[in-house]
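Visitor: Chains as they are written, first to last, in my numbering: chain A, 1 to 340; chain B, 1001 to 1339.
The set of hints was computed from the structure by calculation and includes no laboratory data.
Just so we're clear, the structure is a prediction, and the values are computed from it rather than from any experiment.
Note that the Cβ used here is the ideal one computed from N, Cα and C, for glycine as well.
One or more hints might be untrue.
Short, incomplete list of chain B residues facing chain A, as computed with Cβ under 10 Å [said to hold, decoys possible]:
#, residue
1, Leu1135
2, Leu1150
3, Phe1316
In case you want the letters, here they are:
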Amino acid sequence: MRAATIQRVKRRVLREAVAENLDVIRGAPPRAVRPGNRIARIWLKRVPLLLVPLALGGAYLARGTSGGQAILPVQRGAPASAGQAGLPVLHETTTSIERVTSAAFPLAVKRVVLDAGHGGTDPGAIAADVIEKAITLDIGHRLHALLAKDGFEVITTRADDRTIALRERARVANESNSDIFVSIHVNSIVKHTASRGIETYYLGPTSDPSLTQLAAAENRVSGYSLGDMRKLLDGVYADARRDESFKLAGIVQQELYSKLRASDIGLENWGVKRAPFIVLVATDMPAILAEVGCLSNQQEAAMLNRAEYRQKIADALFAGIRAYASANDGPKKKGIPNHG
Amino acid sequence: MADILHVGIDLGTSRSAISASNGERFVVDSFVGWPLDMVARKVLKRDVLIGHEAVANRTMLDLHRPLERGLLKEGSDKDVEAVRELLLHLLRLVGVNGQNDAANVRAVVGVPAASLRTNKQYLRNSMKGIVDSLLIVSEPFAVAYGLDALLHTMIIDIGAGTTDFCVMKGRYPTEEDQRTLTIAGDSIDTQLLKLIEERYPQANVTVFMVRDWKEKHSFVGEPQSQVVVTAPVKGVPTEIDITNEMHAACETILPPVIETMIDLLARVEPEFQERVRTNIILSGGGGLIRGLPEALEGALKGVGGGKVRYMEDPVFVGSDGGLALAIDAPEGDWEKLTA
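Pulled out of the complex, with its shape left as it was, chain A reads as follows (with noise of 0.2 Å):
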């Protein structure tokens, strides 16, 4: 920039923080709601109203919770303690904003979206004749039969091998109005090939790189664009979505790991974790990625390659969703009337 052009900016600048520093002198109202942005100072009157009956819902809920509850980070493939008889309860502190919390809706589930991953042109993690797409959609066949005999209605977004992107998986969930979704995984850690362990996702933020590479790497055949992705981020992390994909993340977690380690032991509980996958940000309702085993560990994929084994998994997982499901207090299936 030439001299003379930094001069008129610099003076420029001066005038303007001079001038914002005047408005603050004479009270006057921030520049960004003057008129000329008539929206924003129309919706500045308005939000108070809508903050009313949300700040009195909040105050009122929190007295029977614990608090925004915190979640940390955790190094990726951190074993959880076994003797935890449970997950490792993570916390990172991400907002102070007092949130609705997930106690205002026990609803039903009744409608249940498996998402089985990867598929067609996308194969997913590959170990020699183990295919990740194969395996989970295997998987989610198994567990299809397992829900739709325990009554609950099953929608899945891929029932064969074929191509489908992750916004028109999230654009089905949505559509079929279902209560909950269960994205079906297979990890692999080429640089760990001795770690083998389950682990599974729910929608936030994290701070481990990590996370946010393997985030990435399943996101990139997305189709939304960077504006898509900041209007569906803006505002999910802090809803009481969030509280109930917890909930069902650790409860497929703590039977993932506590079924299939019977079969190994060898197995790790990388545990609960938070992450900004595509399927898990564009989805309406409660939803969660589970990581069910890892192919870049030669024992596992070699388990995984076992129709037996994957039964298991497929048990695991409905175990999790039906006692998720049982947690709640309204009708626990479609075709189940509540007299509660």
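Got chain A sorted already, so can you dock chain B onto it with the hints?
Guide: This is chain B only, laid out in the frame that chain A set:
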């Protein structure tokens, strides 16, 4: 002191700096402490301690960091008093003593962008009466002004309480040009302390020790050498290796910083995006994290590449910018900006 003195002050969450037109420059830790009781007052022989002295004697003090997390807490008289004490202390350091001198001071105070957005009126009232004329600006703006980086530039100011982003578009930055993250130096300290405590449960480590270690050894990417520090273990000074913990803690800031940087870039008019990408300036103490410019440049490769510069003098870059603003502001404007 009859002549007009122009000063630029960077009122930071961790450190505050002052640059004056008489050539003086000082930096102090942004801590203010009052003796807890009469005994402490007798020992310390002072009514208030500031900066390093306050930290060193913290066990005897009611210690405050007035802009912790980038905001001046409304309703906290102690925090307001702490801001005033801090400003008075900085002014004394450059030779401003008493009301007569203060009447001839033209001060530009740079504050974390978040505090300016949320409680600028409160902030201004808190500083009332300290100097004759006062202009408050956001810290990244002061940095940009001082560097003549006012057009097609992004400032990333990584402080203790906040990381401020500001895209300069040749105008005074609006809210849409700026972002603030509370992931910054303090969050690294918290994470590092937690990781060290997990690995060395017997070691007795405080956040103040961790902060010192971070300032000497912080890095992202590959370590250049092992980070070995001394901490008391059961009372015995013991060397502990915290290379992995330092690495993990420092890298926690990368994803949110990268995400915000790229998001702000995406909002720049397309024809100017490349110019902004190649004009990214790191300032603040966090800019001292070794490997950070390279890590950010690595992330920019995915959007066409870019250049991240690190300021050689990050401690005073904000206060120097404030001083430049103070000197450039016409006297007519200063008369209106009576504090």
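Visitor: Look at each hint and say if it fits the structure.
Guide: So, going through the hints one by one against the coordinates:
Because the closest C-beta pair between B/Leu1135 and chain A is about 5 Å apart, less than 10 Å, the hint holds. At about 5 Å, the closest approach between the beta carbon of B/Leu1150 and any beta carbon in chain A falls short of 10 Å, and the interface hint on this residue holds. A hinted interface residue such as B/Phe1316 counts as satisfied when its beta carbon comes closer than 10 Å to some beta carbon of chain A; here the least separation is about 19 Å, so the hint is violated.
Of the hints listed earlier, the one the structure fails to meet is number 3.
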